[in-house]
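Make the complex out of the two chains shown on their own, each in a separate frame, by following the hints.
In case you want the letters, here they are:
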Amino acid sequence: MTLTEAHVALFAGVAETRRALDPGAVPDLLPLCLSSGLGWRVPQPPLVVLAFMGFEWRFLQPARIGDTIRSRSRTLTKRPMREGGIIVEGREILNQRGEIVQSGRLTLLVARRPRP
Amino acid sequence: MLCYGLVSAGEAVHFEDIRVGEEYTSPARTVTEADIVIFAGLSGDYNVLHTDAEYMKASLFGERIAHGLLGLSIQQGLLARGMPAWAGESLGGLRWKLKGPIKIGDTIHVRARVAAKKAAAGPGPGVVTIARTVLNQRGEVVQEGETEHAVQRRGG
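Respectively, the protein sequence lines represent chains A and B.
Residues in the first sequence are numbered consecutively from 1, following my numbering.
Residues in the second sequence are numbered consecutively from 1, following my numbering.
Take these hints with a grain of salt, some might be off.
To be verified - Once the Cα atoms are required to be at most 27 Å apart in a straight line, the calculated BS3-like pairs of lysine-lysine come out as:
id	chain 1	residue 1	chain 2	residue 2
1	B	Lys99	B	Lys57
2	B	Lys117	B	Lys97
3	B	Lys118	B	Lys97
4	B	Lys118	B	Lys57
5	B	Lys97	A	Lys78
6	A	Lys78	B	Lys117
Stated by the list, open to error - Among chain B residues calculated to face chain A with C-beta under 10 Å, some are:
id	residue
7	Thr30
8	Asp35
9	Phe39
10	Ser43
11	Lys57
12	Ala58
13	Leu60
14	Phe61
15	Ser73
16	Ala85
17	Trp96
18	Lys99
19	Lys103
20	Gly145
These aren't lab readings, by the way, just hints derived from the structure by calculation.
The beta-carbon is built from N, C-alpha and C at its ideal position, and this holds for glycine as well.
Just chain B, same shape as in the assembly (with noise of 0.2 Å):
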């Protein structure tokens, strides 16, 4: 399983360790231009929504838009910097929800409480799950959801 902690697993924080309820808050990040190009050229997806700002004048937000998936790989990296690394941690899965546009030039962070706990019969990983807020500069909710992940139990 992959492991994106800056620590070995020996050091990181395991199932044991996390506490229901626990909070975290990530910093914050503009999302550019730039990112939303960059982001277009890495997945392929050049919807007029992310890439037209002609067309996007017309539109039901008046111009381009963050994709929906860039909104969540960034917010995915922003906690990670909010948090300590769990132990041999990788994602098992998520329900996200796009409640709004992330616009150019507006600044995100996100807002998380541990929500559940549910440790496996044998000795495998855990799982623990994550209620996530992204909120952008005026506190407005962009994006929420929760992320389901396998963390690895002391001595595990």
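Okay, chain A solo, but in the shape it has when bound (with noise of 0.2 Å):
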């Protein structure tokens, strides 16, 4: 997904960011909420996530408007528990030229395959 104006502007007006003095800036918190949606668009079906639960984030390098990211994740553990169970899944955020943006951990809730 190609970073553009209209996601700084629309994320600007939602959570009050402060537009920044470098107009190609993109805010630290951008590209992490844009790969939430990424993971949808793949041919694997979603995880049913009951509820996010937490995470770890490194910002490793600053986005720019033009940039092309895309987001890579992996099933680093996996905990069975009574209502579902608890992923920890390992996100990768690359740029264009390959470089890791940001990187982290999720920690989520995820619903145990209904009962025939």
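Right, dumping it as structure tokens:
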């Protein structure tokens, strides 16, 4: 997904972010937010997430308007619970040069398959 | 690095000016259905948790809830209004816990404290850690965590 002025303007409106002095700058949290929707566009069906519990995240380099980002995820750990299970997802956001822009791990409560 | 301050780097608060233990309180903001719809459209995250009122009636939460990352984004904007701008500030990392749902109509605000400061070995920016708590109108903690910020030194 290519980061545009429109993404930055919409994000600034909803998050009340002050606009940067640098007109090409992208708010640090925006690529992270966009990565949550990128995961819906892969052929695999989405995880049935009951709740997002927490995460750790590193901002490794700034993204700029015009950069094209993609996201890569991997299941790191899986722990069954009564209501569902805890999944730890490792995620990286890469730019068009293949550089990791942001990365981290997210903890999700995921539903069990319904009993037939 | 990015600077979201209203003032230029020359006038903003530098690494040396920040004291561990400083506290800030943000203004409050009511999270609306429109916020959630716009965030779903922006992020592409159309999970039923945020978009399907009927399905959510039978869920753990009883109604649609805000995206966790929407809450994170809103608190970032709110706290920026409740504290001085830091010179050349950029986010380096965060550790974040989603403790409870933010529902449509909830009014949230942020309490924050400078938890730690670490100077770089060279002349580069220092790292300042802020501990943040996001509370709703009943004083319940809905999100909490720490954010690490690179902040320019004076003359740096």
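*Quick check: which numbered hints come out false for this structure?*
Going through the list in order, the structure violates hints 4, 6, 7, 11, 12, 19 and respects the others.
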